[in-house]
Amino acid sequence: MHWSSPPIQQHWTAPPLLHPLVQRVGEWSPPPIGQQHVRGEWSAPPIGQLWTAPPTGQPHVPGEWSGSPFGEHVVPPSDECRYFSFGFKVLDGAPQVGYGGSTGVFKVGMTTKALLRQMNRDPSTFVFHWDATYKINSIGYLVLICGITDPGGKFHPVAFFLIGRESTDEYEWAMTAVMDVYQLVVGSALRLHYVMGDAALAPVAAIKMLPQLNVQTILMYFYHCVAAVNKRLGAVPTRVKALVAFHMFNMHYSRSPTECRMHWASATEAWGACDILVAKDFVRYFAEQWMTGDFCKWQVYHTPSGFPTTNNPCELFNKHFKGTYTQRSLHGLCATFKLLGSIAEEYSTVKITTFTSEVSPSEKLVRRSRRLITYNLLEVVPPNPDLEHVPGTVRIVGIVPRHAISQARESDAVGTTAAMEAGRPTETSPEHLEVANAYYYNENTNNIRHESICAGNAQPSYGWQVCTVPGNLACVCTVPGNLACECNIFNKKKYCCHLVFALQVQGRDVNGAPLPPTAFVRNQAHRTEAASRFRGQRRRRAVVPADNWISYSMLHRQVSLRA
Numbered sequence: 302m303h304w305s306s307p308p309i310q311q312h313w314t315a316p317p318l319l320h321p322l323v324q325r326v327g328e329w330s331p332p333p334i335g336q337q338h339v340r341g342e343w344s345a346p347p348i349g350q351l352w353t354a355p356p357t358g359q360p361h362v363p364g365e366w367s368g369s370p371f372g373e374h375v376v377p378p379s380d381e382c383r384y385f386s387f388g389f390k391v392l393d394g395a396p397q398v399g400y401g402g403s404t405g406v407f408k409v410g411m412t413t414k415a416l417l418r419q420m421n422r423d424p425s426t427f428v429f430h431w432d433a434t435y436k437i438n439s440i441g442y443l444v445l446i447c448g449i450t451d452p453g454g455k456f457h458p459v460a461f462f463l464i465g466r467e468s469t470d471e472y473e474w475a476m477t478a479v480m481d482v483y484q485l486v487v488g489s490a491l492r493l494h495y496v497m498g499d500a501a502l503a504p505v506a507a508i509k510m511l512p513q514l515n516v517q518t519i520l521m522y523f524y525h526c527v528a529a530v531n532k533r534l535g536a537v538p539t540r541v542k543a544l545v546a547f548h549m550f551n552m553h554y555s556r557s558p559t560e561c562r563m564h565w566a567s568a569t570e571a572w573g574a575c576d577i578l579v580a581k582d583f584v585r586y587f588a589e590q591w592m593t594g595d596f597c598k599w600q601v602y603h604t605p606s607g608f609p610t611t612n613n614p615c616e617l618f619n620k621h622f623k624g625t626y627t628q629r630s631l632h633g634l635c636a637t638f639k640l641l642g643s644i645a646e647e648y649s650t651v652k653i654t655t656f657t658s659e660v661s662p663s664e665k666l667v668r669r670s671r672r673l674i675t676y677n678l679l680e681v682v683p684p685n686p687d688l689e690h691v692p693g694t695v696r697i698v699g700i701v702p703r704h705a706i707s708q709a710r711e712s713d714a715v716g717t718t719a720a721m722e723a724g725r726p727t728e729t730s731p732e733h734l735e736v737a738n739a740y741y742y743n744e745n746t747n748n749i750r751h752e753s754i755c756a757g758n759a760q761p762s763y764g765w766q767v768c769t770v771p772g773n774l775a776c777v778c779t780v781p782g783n784l785a786c787e788c789n790i791f792n793k794k795k796y797c798c799h800l801v802f803a804l805q806v807q808g809r810d811v812n813g814a815p816l817p818p819t820a821f822v823r824n825q826a827h828r829t830e831a832a833s834r835f836r837g838q839r840r841r842r843a844v845v846p847a848d849n850w851i852s853y854s855m856l857h858r859q860v861s862l863r864a
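First residue of the sequence shown? That's 302 in my numbering, and the numbers climb one at a time after it.
No lab work stands behind these hints: they were computed from the structure.
Treat the hints loosely; a few may be bogus.
[As the list claims (entries may be wrong)] Beta-carbon label-pair distances, calculated as ranges: (1) 630 to 650: 22 to 30 Å; (2) 663 to 732: 36 to 44 Å; (3) 815 to 685: 43 to 51 Å; (4) 687 to 623: 56 to 64 Å; (5) 657 to 570: 23 to 31 Å; (6) 623 to 577: 54 to 62 Å; (7) 502 to 653: 30 to 38 Å; (8) 817 to 657: 33 to 41 Å; (9) 426 to 663: 18 to 26 Å; (10) 577 to 509: 33 to 41 Å; (11) 687 to 490: 51 to 59 Å; (12) 818 to 490: 20 to 28 Å.
Remember, predicted model here, so these are calculated numbers, not experimental data.
A virtual CB, placed ideally from N, CA and C, is assigned to each residue, including glycine.
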């Protein structure tokens, strides 16, 4: 049976963008939807079937949408968490989402008011991300996920798109649709300072076509830079990859353009002395691809400390999306619509996370700090009269095990026993190997190296200085709101193992606030006579173990916030 469209009587444009498409499409789409769409035999159904369930429970009158304001027939104004579709026009009562061919590319967006309001804040306090993923529906359409990350590293989705083709036009359409619906819901124009993406050309070109967004910096994920470079190198010896990674991480951790140029000069000299890299014309490739053009901003000095600069939060969300919601199976087009809508509502209600402007140590850093403390790889340096001392400060030195350097592989995420044993000398004892494993625990080798580097300078013998009171230091104090350390890791993540250890030594929580006492002293004047007759061993005062310090301080932080 072949479906035909009703005659078009009037052409008009619906009010801005919003329309309950998902609730309609599922009622009239003929199975199998994928095959009919590919053959181009799928035409619009009669209007009567399309509008069998109006959103307000009222019968639909053709032409009614032309004069209805936002919210009256689409989404109730009081319902912040109900999903809606946007980004298309309505013609003769039918949504014009495009079905391929002469009807245009299929494209539609899904979101909620609550998700859009996440961006209603200072644009310098968050980073905008968008990333496309495939293998969601049986037709092969991509799902574009848009979201923001706060300084605490949490990802907040703001909109979802289902698009039939990936190109600059589609990315520009998606961003324009977000801008329009944001203006409609929030009442102000959308502004973005930081937009981060991978090495795809289409998203970057789309952002450049929208100057009204006021984007100041288009950032590049460092992970994509490393992955692209490794792909370019191909099957080369490990020492060559280690040489490239060594200088790439130095440039990534640069604190200023001047320092980056200094590391780039060292890299060109070292890479030019490697015959394998010379044969691949690697210096010219790296200079053209990663030091100039649209993908050159992968250094940490382009964003404030604490913002994600290495991995793409959208990719982590995509992994969760496929593993939890789709369970690695393909869905039909209508099922994908409803799935995206339910996800938008879920992240507007039960899974909504509060936007935070405070940075907290990650679980990964906490576990690593515990391991270093357990193996005495972090030490407090005694006061030295030859060094300037600010009252309340403490110097922390990171101990590098004697066998750690010889065991390291700078191109791998060393830390497992198997990786260490692969190149272990015969004279290395199991005890030394265990300490070396603890040093490389839960982190990449090149990142660990920058725990002992500050702006290109190695850690001095007297360690890094951390303080608990305001002082005259340029970059160190651990008072609330001013947590800092001199190492490069802190400059990137706003937390490091030295700072975590210093806060523990000083008896402060992760925000730098003093911890409350953990023991109660009995008033000797109120001791009863009966209790004094028992001369058993006195109970020990409660002391917070070192391993539980982070959990205790985080609990204290939550109690303080509630108070």
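Worksheet item: Is 43 to 51 Å a correct range for the gap between the Cβ atoms of residue 815 and residue 685?
Response: Between residue 815 and residue 685, where Cβ atoms are some 26 Å apart, the hint is violated.
Discussion item. Against the range 36 to 44 Å, how does the distance between the Cβ atoms of residue 663 and residue 732 compare: consistent or not?
Written reply: violated, 29 Å
Fill in: Outcome for the supplied range 33 to 41 Å, where the beta carbon pair is residue 577 and residue 509
The hinted range 33 to 41 Å holds for residue 577 and residue 509, with Cβ atoms some 36 Å apart.
Discussion item. Assuming the hint says 22 to 30 Å, is it satisfied by the Cβ distance from residue 630 to residue 650 or not?
Written reply: holds, 25 Å
Item to complete: Starting from the hint 56 to 64 Å, judge whether the C-beta atoms of residue 687 and residue 623 obey it.
Response: The hinted range 56 to 64 Å holds for residue 687 and residue 623, with Cβ atoms some 59 Å apart.
Worksheet item: Can the suggested window of 30 to 38 Å be confirmed for the beta-carbon pair residue 502 and residue 653?
Response: holds, 34 Å
Discussion item. Looking only at beta-carbon atoms, does the pair residue 817, residue 657 fall within the given range of 33 to 41 Å?
Written reply: Between residue 817 and residue 657, where Cβ atoms are some 23 Å apart, the hint is violated.
Worksheet item: If you check the beta carbons of residue 426 and residue 663, does the distance land in 18 to 26 Å?
Response: holds, 19 Å
Worksheet item: That 51 to 59 Å hint for residue 687 and residue 490 (C-beta), does it hold up?
Response: holds, 58 Å
Practice prompt. Please test the hint of 23 to 31 Å on the beta carbon pair from residue 657 and residue 570.
Written response: violated, 43 Å
Worksheet entry | Beta-carbon spacing of residue 623 to residue 577 - inside the hinted bounds 54 to 62 Å or not | violated, 38 Å
Fill in: Hint check for residue 490 and residue 818 - Cβ pair distance inside 20 to 28 Å
violated, 51 Å
The structure fails hints 2, 3, 5, 6, 8, 12 (numbered hints given earlier, in ascending order).
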